Every structure is written in C-alpha cells, then in structure tokens.
Amino acid sequence: MAKPLLEVSNLNAWYGESHVLHGVNMTVGEGETITILGRNGVGKTTTLRTIVGIIRERKGEIRFDGKDMLGVPLHKTAHAGIGFVPEERGIFSTLTVEENLTLPPVVAQGGMPIEEIYELFPNLKERRSSPGTKLSGGEQQMLAIARILRTGVKLLILDEPTEGLAPVIVQRIGEVLKTLKERGMTVLLVEQNFRFASRIADRFYLMDHGQMVSEFPVSELPQRMDTLHKVLGV
Amino acid sequence: MAVAATHNHAEPRVVLSARGLTKQFGAFAAVKNVDLDVHHARVHALIGPNGAGKTTVFNLLTKFLQPTAGTIALMGTDITKTPPDKVARMGLVRSFQISAVFPHLSVLDNVRVALQRPNGLSTQFWLPTSALNRLTARADELIEAVGLKRERNSLAADLSYGRKRVLEIATTLALDPQVLLLDEPMAGMGQEDIGTVSSIIREVAKTRAVLMVEHNLSVVADICHHVTVLQRGEILAEGDYATVSQDERVRLAYMGAEEA
Amino acid sequence: MTMIFGIPLQAFLGQLLIGLINGSFYALLSLGLAVIFGLLRVINFAHGVQYMLGAFAAMLMLQYFGINYWFALILSPLVVGLFGAVIERFLLSRLYKLDHLYGLLFTFGLALTLEGTFRYLYGASGQPYAVPAQLAGGTNLGFMFLPIYRGWVVVVSLLACIGTWLLIEKTKLGSYLRAATENPVLVQAFGVNVPVLLTFTYALGAGLAAFAGVLAAPVYQVSPLMGSNIIIVVFAVVVVGGMGSIMGAILTGYMLGIAEGLTKVFYPEASNIVIFVIMAIVLLLRPAGLFGRDA
Amino acid sequence: MSDMTHSSTTTVRAERSATASKTYAAFLILGLVLLIVAPAFFYPIFLMKLLCFALFACAFNLLLGYTGLLSFGHATFFGGAAYFSAHVVKEWGFPPELGVLTGVVGAAVLGLIMGFFAIRRQGIYFAMITLALSQMFFFFCLQAEFTKGEDGIQSVPRGHLFGFIDLNSSTNMYYFVLAVFVIGLVIIWRFINSPFGMILRSIRENEQRAISLGYSVARYKLGAFVMSAALAGLAGGTKALVFQFATLTDVAWQMSGEVILMTLLGGIGTLIGPIFGAGLVVTLQNYLATSQFPVTIITGIVFMVCVLVFRRGIIGEFYASRLGRKLGFEHRH
Amino acid sequence: QNATGTASDNKIKIGILNDQSGVYADFGGKSSVEAAKMAIEEFGGKVLGMPIEIVDADHQNKPDIASNIARQWYDTEQVDAIMELTTSSVALAVQAVAKEKKKIDIVTGAATTDLTGKACSPYGFHWAYDTHALAVGTGGALVKQGGDSWFFLTADYAFGYSLEQQTGDFVKANGGTIAGSVRHPLSSTDFSSFLLQAQSSGAKVIGLANAGLDTSNAIKQAAEFGIVQGGQRLAALLFTLAEVHGLGLEAAQGLTLTEGYYWNRDDQSREFAKKFFERTNKMPNMIHTGTYSAVRQYLKAVEKAGTDETEAVAKAIHEMPVDDVFAQGGTVAKNGRMIHDMYLLQVKKPDESKEAWDYFDVLDTIPGKEAYMDPAKSGCDLVN
Ligand SMILES: Nc1ncnc2c1ncn2[C@@H]1O[C@H](COP(=O)(O)OP(=O)(O)OP(=O)(O)O)[C@@H](O)[C@H]1O
Ligand SMILES: Nc1ncnc2c1ncn2[C@@H]1O[C@H](COP(=O)(O)OP(=O)(O)OP(=O)(O)O)[C@@H](O)[C@H]1O
Ligand SMILES: [Mg+2]
Ligand SMILES: [Mg+2]
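Residue numbers (this note's numbering), protein chains in the order written: chain W, 1 to 234; chain Y, 1001 to 1260; chain C, 2001 to 2295; chain F, 3001 to 3333; chain G, 4001 to 4384.
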C-alpha cells in the first residue's frame, strides 16, 4: 500500500445523544481510491462528515498527511487539503452557477482550470449565469463535484456522487474520477451504485452499525460477491 | 398485501392528460410543448437526462408551478388553473425528489396526518386527538406494507434518508389517490427497499395510475408499462421499455453505451 | 401658475424633493436591515437603536472630544460597527443554529435595553446637534428653498447605497457572504472563516445604520426615541421591497419616501399609514415583495 | 415542545404520558384550588390583571407554540377587544357578558383581516407584517372618535353579570374573571389536542408536503390565527371590565412585545408556561414601578437572557429537568 | 384599613406617581420627587406631629399599572394623597380610583380639562396647567403682540385637535385669523413637508399643536428651512423649559410658549430654582414646581383641617388661597381647578442668554381668571 494520507482510528461520533460511530478504523493511501459500502443508515455519511470536521462531537484519531486533525477548526480543513462533496450537494441558490463554481478558495496548485471543467460538464457552461439551484438535480451534482476540482485539494471526499444521475452522466463522472486518479488525486467515496464503485475503486470498506466490518482490495471482489450480496442485497 | 382498496375496472383509460405543456423560466424553456397521457392501471415512466425537465413536468401537473402554456385535465376535468391542494384532493398526489416528511412526528403520525384528510378528520378542532385512533389500524397496514414496522414509533427525523423515502411512499398511498406521481422514488434506497417499493408500486398500479421519474433502469424495465423520454424539455421518444431502449437517440442522450 | 392635482407645480416639485430626502434615510436603513437579514437571516430589531447610537455617538464625540461632523461621519459608524461586532460575536452568533425568530427576539431585547439606557441617561427630549458650518444655509432652487445639508444627504446616501450593493453583489467577499447565508457549514468546510464573515456583516449593517444616524443628527432631534419612531416604517419598506434583495431595499426606500412625501401634501392624515397600505396592496399582488425572489 | 396530552406512540412514551397526565391533572387541580383561594392572600385587582394577561399569553402561544407563527401584532386583538367591550358597555349599555362577547367577536374579525394579509408569508416576514398592520390599527385607534384619543375610554361600568351578579364587588368580579380564564384555557387545550391541531403541527413541520397531501394550508393557518385573536380578545375585553377603562397602551406595539416576553419566559409551546410568564412579567412591572431600576432596561435584559440561556422558558426548563422527567414530562427537540 | 377615609393612622403619606423612564420622564420624572421632598422638608418632615412620608412609582405610562398602584397605595399602604399623574389616560384612571376610594389626588402632569370637567372629583385637583390655559396664553396673548394670522401644525389625534381648536378660538376672539392648518401623524420624524405648507400660507404665526419630540423636531427643522428668519413666528402650544434645553437656543430662538412658571422671573423663583438645581442638576419647569406647590398646599391643608381625613382636607384645599413660589394669589375652584397666572414666554437668542438655563424673556402675564376656564362652564357636576 502507498504511504497513508488519511488514517482514522477508533473514531466515535454522536448526534446529540445518539452515538452513531462506534470506533471506525480505516486508512487511505496516497493516490488510492477507496469506496465505503454499506446499507442505508449504517453511518457512511456520518463517517465522512466527521472526518471533514462538520460533526464536532467526535472522539478518536484522525491524521491527515501525518497531522492530527481533531483540533483543527472546520475552515482550516480545506486548507490542509481535504475537499468535500456532500450528499445533499449544497448548491447555493443566491449564487450563479459560475459563482458557485468559483466559490471555494483555491488551496493549492494543481487544480483543474475552469475551461477544462466546462469541457467536462457542458451543461454547466450553458447555464453558467443562472442561479445555482435552478439547475436540475443532476446538474447540481455535477456542479458540486466540479467546484472542488478547481481548488487543488489532495483528498476528495464524495458522498454518493451518482445518486439521481442519468447513466450517461454516471459514466462521465466515472471517467472524471479515473482521470483524477491518474493525476494522483486521492479519493474517498461512499457509494450505493455497486457497479460504478467496482469500476473505479482500489479498495473497499464494508460498514455496518457504525464500524468497518471488513476491508478488501478490488481483486478480491469476485470471491466476496456472495457475502456482499447478502449484506447489501445487491 | 392490503395496500390498495379494490376497484374493479382495469381497462386502460386516460386519467391524466396534458396538451402542449410549456414552462418558461425567463428566457429559458424548461418544458416545451409536451403532450402526455397517463392511463389508469398503468405504470408510466418519465425518464431523461438530468435537467431534461422531468421534475418541472411534475410540478406543472400537480400545479406547484403554473404552466406558461398548455392545458391539463384530470379525469376529464380541466385543472389548468386549480390550486395544488385542490388538485391533491381531486386525487392526484405526488412525492418529492428530495424527501418530504414531517420530521418531528412519529412514523405512525406521519401516516395518520395523511389519512386524516380523506377521512374528514382534519378540521375538527373540538374533538380530542384520540379521535384519530380509528385511523391507526389502516395506518399500521400501510406501515407494514412498506416495511417500516420496526420504526413505527420513531420520529421521522431519526430515519435514514432511504427510510424516509419509504415513509413518504406510505403517506402518499394513505390518501388512496387515483393518480400517483412519484419523483425518483428509489433514489437513495438500498436494494432491499427497492424490491419492496417496486412490488408496492406494481400492486398499487393494478387499480390506479402511476407516473414516475426514475433513473434506475432495471426498475423501469421491470415495472413500467410505458416510457416517455424527455430531453431538453421535449419528448424524444415514447413506447414500452424494449422499444425505447433500442432507440439510438435515447441511447446517445441518456443510457450511454454500456447500459441496456 | 401650472397646477398639478390642484397644487402649484412649484410646491409639487418641492414636495417631491423632500420625499426623496426622506427616502434617503429609508433607503440607508432598509439597506442595512436587508444586508443583515439577507446574510444572517436575522431581523435586526436593534437597527433603529443602532441608528440612534450613530447620532448619539456623533453628538457625544462633539461634546466631549470636540470631534467635528466630518470625522464623526466616519468614526461613529466605526464605533457602532465595532459594538455590533462585539454583540454578534459573543451573543447573537449563539442563536444561528436555532429558529430565526430567536434572533429577532434577541435584538428586540437589545433594542429595549439600549433605548432604555439612553433614555435613562439623556432623557427623552433629546440633545442638539448643529448642521456643520460648511453645509449650513440653503439655496433657492426657484421652486423651493433647499437647505444645502439636505441636498448633501441625498447625494451621500445614494453613494453609500451603491457602494454597499456593489460590495455584496459584485465582489468575491460578497459571494462568500451570500453563500454563507445559505449553508454556513459547507462554506466553512470549503475553507472560509464563516464566523468572522458573519461578524463583519453584522458590523457592516450596524455601521450603515449609524451612518444614517450621523446624517440624521443635524436634521432630526438626537433623541433616544429617534430609532423606534422610524424602525417600524423601515420594516414595512423592507417587506414591500422583498427581504433579502439589496437593490430592492434601496429602490423601495426611495420610492416609498416619495410616496409618503406626496401623501403629506394631498392627504396628510394618511401619511403615517400610506406605507403600510402600500405594503398590504403589494402583499396581495406580489406576496414576495416588489423585488423579492419567491420564497 | 412537550404536549403531554397527545395520545402518543411508543410504549415507553405512552407509559410516560400516562404518568404525565396524572401528574398534570394533579397540578391542574392544585392550581385551580390555589386560584380559588388566592383572593384571600393577594390583592384581587392584581390577580385579575394577572389572569387576563395569562389568558392573553396562552392565546398568543396557541399561535406561536403550535403553528410556529410569531405574531408581532397581538396587541391589536387584546387592545382592540378592550376598546370594543368598553365602548358597548359604556355607551350602549350592554351587560358585561355581552360586552366581553362583543370584544371577542371584534377581535376575531380583526384577526380575520390581519390574518388574510399576514399568512401569505412565513416566519420573520409574517412577524413584520403583523407588526406593521397592528401599527396601522394603533393609528386608527389614536384617531378614531370612539376611543377618545389619549384619554382612553374611562369609567366603564362593570354592571351586573346575567343581570343579577354585581360585578362591582371585587370578589364577584374575581370569580367572573377566573371563570373566563378557565373557559379560555379549556378551549385552547381542546384546540391544540384535536385533529385540527395535528394538521397545524404538520404544516409547521413541512408546509410543501402538507399541500401535496391536499391540505389548504392557508385556511388552517387562518383558522388558528382567528382562534388566537378571538381568545386574545376574550382576555382584552375582560381586562377592560376589570380596570374599567380601555386605553392606547393595550394596542401599542410594545404590548405585542410584552406578550412575546411572557410566552418566552414561561415556555413556548407549553400549555401552562405562558401563565407563569405572564405572572412574572406583571409582578416584575409592578415591582419595578416602585424600585429604582428603569423598567425598560430590566425588561430588555430579561428578554436577552431568556433568549440566550433559558430558551425553553420556566416551564420548558422544568419539563426538561430531571425532576420534570421523573414526573413524566418529556421534552422533545 | 381606611376604607371611608375617616380614621387617621397617625402619619401622612404622599405618593408621587409619574413617568420616570418613558417619553415624559423629562417633564417631571424623578426630579419631581425631589421637588416634593423640598416641600416636605419645609415642614420639617412633620405636620400636626405626624411624620410625613413619601413614596413614588413609575407608571410607565400604563394606566393599568397606575391604577393598580393607586389602589394598593390607598387601600393597603395608607397613602393619603397621590400627585403628579403624568399623561391624561393615567390621570383620568387614577382620579376615578381616588374618587371611588374617597381619597385625594392632585394632578400636575396631565393637560386635559376633563379632569375638572366631566371627570371631576370632590377630592381631585388640577394644579399647574391645562390645555385651556395654554391655548389662552399662547393663542390669545400672541395676537395682542401682533401675531394675528395663524397656521397650525397639528398632531393628528384628540389632544392636537383640542389644542388647535381652543387656541384658534382665542385667536379669533382677539381679532386674529386662521390661515389654515395641516395634520401630521403622531411621532413623525420629518416635518419639512408640513413646514413648507405653513411657510407658503404666509401666516404670521405657525402654531405647533403637538407635544414632546414632535414639537422639538418641528422647531429644529423650521430653523433649517429658515422659517423664523423669513419673518414667521413659531408658537409651541405645549412645551417647557426641559425641552428647550434639549433643543438648544440655536434652534429654539424666537419660539413663543406658555408656562405656569419660569425660574428666572423674579428673586423668589430664582431662589427655589437654585435649591432645586443643587439636588437635580437641572432647572425646574412648571411641572416640577407645580408638584412642589401641590405637596406644600396639601400639607398646609392638613395643618388647617387638623386631621388627614379626606373630606376635611379637601375642604381646606378648596378654601385656602395658594401663595408660594409657583402661584401668587391662586385660588381653587369648586371643580378642583387651581387658578393662577400664566406666562407668555419667548426663547432668547443665543447671545442674549447670560447664563446656563437663561432661556426666556417673559412677554406677558396672563391673569388666572382669563387663563382658566370658567368653572361654571366646565361641565363638572360639582359646580352649580
Ligand atoms: N442529524 C441527525 N440527528 C440524529 N440522528 C441522525 C442524524 N443524521 C443521521 N442520523 C442517524 O445516524 C445514522 C447514520 O446516518 P448516516 O446518514 O450516516 O447513514 P448512511 O449510512 O449515510 O445512510 P444513507 O445511505 O441512507 O445515506 C442513521 O441511523 C440516522 O438515522
Ligand atoms: N424554478 C426554476 N427557475 C429556472 N430554471 C429552472 C427552475 N426549475 C428548474 N429549472 C431548470 O429547468 C431544467 C429542468 O429541471 P428539472 O428539475 O425539471 O430537471 P429533471 O429532469 O428533474 O432533472 P433531474 O433528473 O436531474 O432531477 C433544468 O435545467 C433547471 O435548471
Ligand atoms: Mg448517507
Ligand atoms: Mg428532477
């Protein structure tokens, strides 16, 4: 495995009184693409949000690039090199598409230039001066991914990026992620679309009840199909 | 499964029809001149690339948006100018693309709130809440049918995203509508729920009309009798799934190379 | 003499101009209110009090430090803005997670406290503040005698309004502000220090109110009550314009100032409710307000 | 917000709410007994004032606590009803019960008009619109002939209830007010725990969804608004008889602020919280009148502290406390 | 308990009930309590061997609070008389309570003539001023000074109307004319529209039939539009020293108004004012001094009656002439009206003012008999 970029150990998190994560352990190596699988409600989204630092009621250890992230305030995580695409997309309605796209501050060199982004997502170019939330659901998803690509982060965290997207778009996003990977981007994503995930991931974590219950590389996928079918009902 | 009350005529007839439906947002036409017929006892799928105007069509049909041009008729009555709550009372009920539940009511109460209306129990401010207890049996039936029995007493807010979608279907069914409009009912659902919901929809559609937007093509192939493909606000193709999925333009615009 | 609706044209023009002057105050105040509301989703009930504080700060600066009008015009908004920043940072910011109504209630309490304190210290009848010597006197425009100071008010408030609008709609800072309104957590996750932004916004709004206060000091009596007398009208202005629309707030401010001015001529008894009546009509025809985006 | 009477769901909850209902009933009876004997210990006019404001606050809370609409114009209904009742009793010789009823009807009509405009918007917009409209009503009262301007309608006779109970006796008057108060409270309690109340709650939770289920949201809101206005009118009309005058104070926007403070202090969305809140505010104002502290400053500070730290109000905090929970009250959110 | 007002409790207790934190706090407020204490101290804190106590409360301009406090004072705290009672709704409400409880009240803070008219009480008195006296003072006397055509800026509510109407009557009675009037809403901030209308009317006097901040704002803006320089006169119908102080001479110069007292009028008034100033750091207006006079007269009446019993004291107040720093040769009519001279005052130019608070020139003295309404026409049923 490559040098670890993100190490999470014994991570616990709470929503008020309800304890949702019960000791999550995982590692993401530099340049790897990791997919978390799991049924609805097992805590996948929560894991991502806790790593990013949106959920502050947390205990355990999160190391990014060797640095302890637990005490880092939320607005500094992006500067450390973590980019986040939330499940609900988070497009701003008072901003135009283009303003949305250029909103996140560039934190490091190596981000994708705007022209390239527009090439990748022609829909966005066409509607760039309309208000962000006037886009369709799928267009919003593209915008949400696109805007992080600009910033030059090292680790891209995506929560169900293909949800509600037309198959063509899903394919395109798959290609984009592969391209990013070739450029050395590290990706951590949560995905229900198994076929999509299997095409791009290097490694999988399977989650249940707020913990990682197993971990395996893509090569082991065929032999694990049966158990996965059972656990996920794929 | 006791989801649907029994009606016995299953011959296909048009219950909801739109003619020349158009919606302009400023200079941008999201929906252009769409004709649509939804039949009784049929599952009708509306598919198309993102931004094609599917949700907008839903908003127009349910009157959450006022069409720029065109007419809509529900069971022979013109509803082009009817307010949305009235349309719902006439028997056309929708679900939302982003889940819509009453977060701080329990699952049971979510369903009972929906049941209250057809049962005429909504304006009685002089009755105690226990008057609603007579709706509980029916509510439990619906909850069980969609597989939410375990969560019956939790607050809707505490459900995961996928379970909320399921709950939304249950409340929609509670109204016993003649026409159901479901906006991506399976989005965010796990495989087991997809199975349950598919069979519910199939069951329900025996006695009423269903129009749904769905990106999950295996579901579409599985349960839909008729498919309309939208692209850039216009109808691109229409027919049963087999026909539509062979259409070259549809494959190019929507399904991509590998699917089907 | 030419007559308009039974009034000499000259008098009519004079009243139009006066309406415009009043509109300047409405515009400045509703602008600040709209900035704070648009970005923090707080109806700043203390806005009237901050306007009053601006006037008082100018008056006290003159009295105790001999600071003249021109410096006060800059210093007083800074001082009040700083005060606003402190309030936001330590108190108001704790309410953002909650229903927006709590922000309204908190600032209502703040307004009561501050107004009460100033009434306690300075009485209700107010304090004098003179027109700066450079702007004293007036010119005869032919149709009316225009005090120079009032002309100045129109010009400078127009500039302030346009400047603020540009800042919010056309700059990067503005786009951060707008985005933070909708989803502060996400904007923060993108690497923007949102709490500081919000503090800045509140301070900006409070500062604008104080700026209007300094402008008002030579014209109106500097009194603890000056804020509560005007604030409810300004609320109505903002409702008519459509809350959250910066340009809407500015234009509506001027328009309603003029509408009110004309009512004072044709039917003075109704001049205090004309804005509310317009509000009611607008609500019937365009519930989101004249310039509002639909909620 | 906790509503104990709601026939609830979980078994745990059901048990709890059974305990709660018992404790609650016990408290209610205790409270009623206390109110019945209170005139022996407290100054009756003070008690009557307290009851009027308590009812006013409860009526207000019906709107804020159960439909989530913050009205900043409730003084219109309270003060308006006071004017109507005072006018018909003094000038037209109506008996007291009809006088109060006139106030209620008048307030309901005002509620219908104001509600018609205000329910077009939600949240903060709603608050500002009600504020503006009530300011309009204030100016109307200031200028109208029958309100007697800043003098107010003075020396309103209390008269005889049903023709034979002399309300000039402060004991009789007190029990009349108490009866009005209890009736008002029962109406509110029934209203929020009815099928209608259930729909109101769901509208507050998710308006779009309620529409899509076929509820004409505007009508439900208007219904709640008018009900709240009418009950505020009941309080206002009664107050006019208690004090024998009706003045501008009760229609001024500061009064709308005060009733919010009462509700906030007592606990938004609790049935009995506003009663405590009203008691506290009325007592505080009376106390501050003769103290060295300037009233507005203290009121303002209480407001801020409440919003910042005791958001649930006295009763809300009590329900959420360990003792409260032991007694079976639970607090959601 | 003292329900009928007969038995004495061996102490004299006076309540000062006024606005101490609201819009009328400058009018009287806490300083009035000091004025009352000055009167009590003159009696050595005792009358008829009984100690004199004073209590005060802030009614916040709310009649229900005032009425509540008045009841508690009379019923349970053995207060014998309540004074000041700023604003008419409060004064009327408390006078009704006092009448019912057969207790004494002396109003110095409210202006309505109803207190000694329809709503009069055998135990209620109206000191200091009322709208009638203000109207006669400013309206009548100013015409004699040459201000014979008037334009009114009137606050759009009953108080404004009655001031305008009463003043207008005296203007006309003295041979003047009314050029017009405009009604402005209560608490307007901007008066320039109205002032322009007044200016173009060409009237010699602009009468401000409003009060408080409205009057101040109108005067300030009149200065800005050069109205006084243009040769018109401003007459404020209800305005006192306290407000002139708030406005400053620069803006207020040339303004005409009527008060029942001016501190810098003669040696006696100056002496009282200096003492008052030492305690409160401001010079007294007619309300402060009126409250002082009311307390003093009440105590004298107790002395004369030999008891604090209501009927006897009320009788004594009615009978005794009032002679003090506030009123010289004042009399109390059957309807409770204390009749005394009023003064027509004009605000000095800044360079004419010789010391702090030296604000007025006395233009004229209006004899009490002229200033106040004939009790027989007051509509009070005690007079016949
Ligand atoms: N804001 C919240 N407050 C309380 N509980 C929550 C909250 N958000 C989520 N939960 C609960 O935490 C658990 C984990 O939720 P999470 O959103 O992480 O699930 P998930 O694995 O992402 O599911 P899905 O595939 O449906 O998105 C769920 O049981 C959910 O009910
Ligand atoms: N209120 C609006 N104002 C302006 N444009 C809008 C509005 N609502 C939708 N649109 C635009 O109309 C187009 C169709 O949107 P719609 O939401 O109907 O798409 P959709 O087919 O449902 O897509 P998806 O599958 O991604 O949900 C999009 O391009 C969108 O940007
Ligand atoms: Mg998730
Ligand atoms: Mg859609």
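Hints were generated in silico from the structure; no laboratory data involved. A portion of the hints provided could be inaccurate.
To give a feel for the contact side, a few chain G residues facing chain C, derived at Cβ under 8 Å [as the list claims (entries may be wrong)]:
no., residue
1, D4026
2, D4156
3, T4177
4, R4183
5, P4185
6, S4188
7, T4189
8, Q4221
9, E4250
None of these values were measured; they are calculated from a predicted model. Even glycine gets a Cβ: it sits at the ideal position worked out from N, Cα and C.
Hints, verified against the model:
1. A distance limit of 8 Å between C-beta atoms decides the matter here; for D4026/G the minimum to chain C is near 4 Å, and the interface restraint holds.
2. Below 8 Å, beta-carbon pairs count as interface contacts, and D4156/G has one with chain C at about 6 Å; its hint therefore holds.
3. With a cut of 8 Å, the hint placing T4177/G at the interface with chain C is violated, because the nearest CB-to-CB distance is about 21 Å.
4. Look at R4183/G: its Cβ gets to within about 5 Å of chain C, closer than 8 Å, so that hint holds up.
5. Checking P4185/G against chain C by beta carbon gives a least distance of about 3 Å; that is within 8 Å, so the hint holds.
6. Checking S4188/G against chain C: minimum C-beta separation of about 7 Å stays under 8 Å; hint holds.
7. A distance limit of 8 Å between C-beta atoms decides the matter here; for T4189/G the minimum to chain C is near 6 Å, and the interface restraint holds.
8. Because the smallest distance between the Cβ of Q4221/G and any Cβ of chain C comes to about 7 Å, under 8 Å, the interface hint for this residue holds.
9. Because the smallest distance between the Cβ of E4250/G and any Cβ of chain C comes to about 6 Å, under 8 Å, the interface hint for this residue holds.
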